[in-house]
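Peer 1: Chain residues, written in single-letter form:
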Amino acid sequence: MNQPNRIDGGLIDRETVLKFQWNERWLTGHPGDTLASALLANGLRLVGRSFKYHRPRGIFTAGSEEPNALVELRKGSAREPNTRATTVELFDGLYATSQNHRGPLEWDVMAVNDLLAPFLSAGFYYKTFMWPKAFWEKLYEPMIRASAGLGRLSGREDPDSYDHGFLHADLLVIGAGPAGLTSALAAARGGARVILADEDFRWGGRLNSESYLLGDRPGADWAMEAASELAAMPNVRLLPRTTVYGAYDHGIYGALERKTDHLPDTGGTPRQVLWRIYSKRALLAAGATERSIAFGNNDRPGIMLAGAVRSYVNRYGVTPGRKVALFTNNEDGLRTASDLSAKGIDVTVLDTREGVHVVHTSGRKALKSITLSDGRTIQADCLAVSGGWSPNVHLTCHHRSRPVWQEEISAFIPGSDLPTGMTVTGAAAGTMTLGAIVRDAHAAGTEIASDFGHRGATGSAPTADDEPFDTKPFWYVQESRARAWVDLQNDVTAKDIRQSHQEGFRSVEHLKRYTTLGMATDQGKTANILGLAIMAEISGRTIPETGTTMFRPPYTPVPIGAFAGRARGKDFRPYRLTPSHDWAAENGADFVEAGLWLRAQWYRLPGEKGWRDSVDREVRTTRSAVGVCDVSTLGKIDIQGRDAADFLNRVYSNAFLKLPVGRVRYGLMLRDDGFAYDDGTSARLSETQFVMTTTTANAVTVFRELEFARQCLWPDLDVHLISTTDAWAQFSVAGPRARILISRIVDGLDVSNEAFPFMACTACTVLGGTPARLFRISFSGELAYEIAVPARYGNSMIQALMAAGKDLGVAPYGTEALGVMRVEKGHVAGNEINGQTTAEMMGLSGMVSQKKDAIGTAMSGREEMARIDGLQLVGFRPVDRSVALTAGAHFLSRGAPEDMAHDEGWMTSVAWSPELGHSIGLGFLKQGRLRHGETIRAFSPVRGQDILVEVCSPHHIDPEGVRQRG
Amino acid sequence: MRYSALRLLKEGLTGNTGWAPAWRDPDPRPAYDIVIVGGGGHGLSTAYYLAKEFGEQNVAVLEKGWLGSGNIGRNTTIIRSNYLLEGNQPFYELSLKLWEGLEQDFNYNAMVSQRGILNLYHSDAQRDAYVRRGNAMHLSGADAILVDRPQLREMCPFLDFDNARFPIHGALWQPRGGTVRHDAVAWGYARGADSRGVDIVQNCEVTGFRIENGICSGVETTRGAIRARKVAVCVAGSSGRVMEQAGLRLPIESHVLQAFVSEGLKPVIPGVITFGAGHFYVSQSDKGGLVFGGDIDGYNTYAQRGNLPVVEDVCEGGMAIMPMIGRARLLRMWGGVMDMSMDGSPFIDRTPIEGLYFNGGWCYGGFKATPASGYCYAQLLATDQPHETARHYRLDRFRRGAPIDEKGAGAQPNLH
Amino acid sequence: MIIDHPLLGPRDAAEFVYKGDASLIDRPDGLAASADEMHDYVYLRDNPAGEHRELWYHEQGDRSWLVVTRNTLTHEIIRVELARGVARERGRSR
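Chains Z, V and E supply the protein sequences, listed in that same order. Going by the numbering used here, the first residue of the first sequence is number 1, and it counts up by one from there. Going by the numbering used here, the first residue of the second sequence is number 1, and it counts up by one from there. Going by the numbering used here, the first residue of the third sequence is number 1, and it counts up by one from there.
Derived from the structure by calculation, the hints contain no laboratory data. Note that the structure is predicted; figures quoted are calculated from it, not measured. Treat each hint with caution, since some may be false.
As the list claims (entries may be wrong) - To give an idea of the interface, some chain E residues facing chain Z are shown, with a C-beta separation under 7 Å as derived from the structure: (1) Ile-2; (2) Tyr-18; (3) Arg-88.
Yeah, the Cβ is synthetic: ideal placement off N, Cα and C, and Gly gets one too.
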């Protein structure tokens, strides 16, 4: 229970002790600690290994910009790789391990890479591993891949759930430091609806880490009070532990709230919530990030940003070292010395403005000493470094606005063309002193409230000093001979940047891509500007001449699971269930996905061994007695108006104008490019009302296109459309005994062939008054009807049909039997109308009327589409009748070479026909209609099949259509 | 300077101070035989093959930004030749063959990594469509294997075989598919072209064409006028903007495709995997990041950034097939502007203006085509004869009614 | 993105389906038009970098087709109209 580096003060609860495990070792900390502060309190300095050279690394920052201290958090399937120890809130029982090493962290064998570093310079892999060629796949790349990556995924399903939520506000304030809190207070007091989000678990931002006073109080106390006031206001929503990760169009912001990451377990609630925030205005108060300075071996455990040292001392009551040195180029860095002195820790100050440089450091697994430009060597276990502060302009760049260089603070500040509605305030805007920050932020909040017409009193800004902020650019210690790190995580050194320049990779983007600068998990938050500055220095240009840095979402990485939210597993997409689904489930149905629908594909009876048994029986029953199939998934569109017939005549390629009332017609739709689009039937129920069916697959898009035609092409036609797909349950009743069954269902309707012939339709009632529609249409080729009732009666209807048809031998059939029967009949379906085929190819050119201007007609006659030697739909049967055909085979003439030039088409659909007793197929074959009787090859190398087939008519059964008319 | 392990050793021992620039940084000359507009992957590979295979060295590549700054610098790095149609498949197979010999050819390791591509299928109909496709691949001389569910489970045990909304039945596998280090492709071609005398002029934007009497004789640029016998446009997402300066309307819309990369992870995914019941494709880079993408946002844009609905859709697709990635974090997302054509297939053709050539309409499949596109464009420029495998990529194919529509989606770019 | 529907007010763009350039309203008469006119209508696009008039369909809403004028460089939406009205203005009727 010993925490050797714990000192007085800090914003932690010392009364409560939390136990946690680090690399299987039990340690202690307190509420208010992060994993990083607790590790430091326990005197641990080596916490990780770098990506490329496996250099020993310690904690470098105290925030989300951390490049070094990445850990694997939690165990088993909850293991979370690459987690920044600096942002992990300590909880009791926390389990974390270091990552990216082979063997123990202290003795990582991969550290041999560091010895090879001279040969692993920038872009080395582009220049070698090429000979002999075969070695790349077999040897080199597997070696490279074996050492790739940082942390490990568990390989198992993420056990946690994630939610999505939507929020609306007048103003989103991003960041709850002094600027964010002040502006949120002003805007909220004024009356605006405000959302305040901050990535930290404690309000106040840098106020918690510094020794500033606001008014007469310590900054951290002021922040608590401000947050309390905001929390009590009904027009404010506070989002702690929430990172606004991206700015999207029209005032939409993406934010990730970590709901339970600070708890031992989720307790069944969502781990994180991904918010989409719609806000009219946004105030970016994201603060600034400190930069390092490049000098020899500046990456050792114990070397830390100066602001982070102050965080650990002031906020967490932890000292990162006992012999501390400070290397700074600016006034702010000097606060480190005074803050530590106040805790009784002496600091050696090395100020570049006084000409003193740190040239070199020693101590492989923890800093031991530093060597200065004047030759002195100083013993130190902690070196605080400050190269100045860079405003966090990230979100201002998400719409590709470019930041601009500001010489006075040696940093990029937000550019002019910000995302609409965004204002930047505080350090993020380049305002670097506390007094100015709170004054500006108060004014910004007040102004936004008044922009919304609120005139409430906004109070006044707290008073604070404008502490000195003098900085003199200093990037790179020239005297250093050892490697000087710029990007700690990806191991990019100043030498790499020099080499990149030498090899011509001089634009910022080339530099990034060639050296991998800024491409690591920290997105170069502490490295990019340093790298850019060094490139500028090497090439003798100014920083703005050299380039600028751009940032893309997300601000900090967001779990993929959070983006996916609840749309996972079976909930990936909703299920659409047919009206008779429950009955089908109770009666042995196996279901199959058809788009979002689940459809019964067959009904298994006791004793049936495989699906073929069931399907064959269903086909035989339908062809010999009567079968019933739920066809409700077909798109159904009610079309009404005086011009309804005219409208249909324009959207179908065949004629519809003169379809009599009480009749149904098969219709073919083309796209405007003339290719076949969809087919179905339209039934004329009255002079002004049609009911159209579409295929299941195209139900949504056909309706969309019809609305387009109605609203945009012919806006004055008197016609209205409504989709009724979900309103009606529809059943196909097919087979020689279908008429008897239907006659038992309908209320006093004469369904004789004379009174209700093939392609008749009517509205009627069934089963004693239930409204219904009856159509005499047939997909199976049998005497068949489709009967529709309101969807809520669907499950009863199929039971009524089964009961009424029991003595007739009725059986339900599924989509497989439906498919078999349509292949037997040679009816086209989705495999044939696949968007690449024409009416001509399918033998339906007679359905493209040349006498009218329907959608697609004009384009359907283009030369390549009207070729007489083109693909044509024909039927196939195997020469050896015992062989099963398979779809997807390509056709080759016998003796022709097996290549693309001799490819003559493909098999679209196959079935085993119980009636014929052998396999049959449909397919497109070049000039197929002239080739009936010819024997060709159905060649399917991916299935290892090569089958001789005989070309025949696509109408395998009842080609004259006697049955359906009977 | 020839790159080799030996050279690396020598430089390593002498402080890496001897490396020469990978390319020159020349000012444009007043005239060239051929001016290529666009210094992306296709433009640079065109220049490389013009110089290397067709003896054309008096060539300039004009790039408005930095070389490789187009879609070659932002894509999901996948290579494959698993197309269906006769108009496409032989071309992409040529491209894959060129990838296979590329690094030795241009002495630059672009890390062509043929770890295979798996297209998952989720229904019998989809399996049959993949069988048709796989067979077409075989007929073009490519490789394709139908993998059933048990085999797939062995290859990718992490896929969701037990709880998926759209069950995974199997996959079409092209073992020769894979990934390439995309930036290195641009750099390798640039270096190879430069060393053969091609001027690669960066920060040089074309602002107009010199066209008189239907003949194009050069370009106006931000760095002065440049004469040329032939002007070859090759600007992907900027096709509409550039060709408008020549007064041509194209069968192309510009759309944004977002792509994503996760934090670096120890290797978990063997090759490229694509989801068949949603929009998601993924591979893992040699650095360990999961590189993934999905559908285009779907609206015309030149803004190089997308919106959240597609981000969520893509991640949903990922979680649907591999729920182990829930705790992997998305590190960066970016958008590239795609030249979406009316049938989803590209153009490599002369234009109605003599001396002006056009290469574009690559939709979001341009990366894998980089070598063949450059090769075929170079042949067209050098000989005025289309390459055998690119002969269908004509601008007039819609007039003739011969679209190359792999998806059967019709004349609407955002459906391809 | 947010589309300010003329009848329903601001709606998330995810409720809509995008079709393309609003010139698709100007469909030539298929019987009268030349092959070139029809080709240009179906296949060619201005594809401007800047203001673009385009068709969006409120599929998850009131099923209106809208003509949205949007800047393709910034995504700023300048105007939203009912497509039916635009079609009539452009002379379409029956």
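Peer 1: Run every hint past the structure and note whether it holds.
Peer 2: Each hint, compared with the structure:
At its closest, the beta carbon of Ile-2(E) sits 4 Å from a beta carbon of chain Z; the interface hint therefore holds under the 7 Å criterion. Restraint check, Tyr-18(E) versus chain Z: the minimum CB separation of about 11 Å is more than 7 Å; hint violated. Because the smallest distance between the Cβ of Arg-88(E) and any Cβ of chain Z comes to about 5 Å, under 7 Å, the interface hint for this residue holds.
Against the hints set out earlier in the document, a violation occurs for number 2 only.
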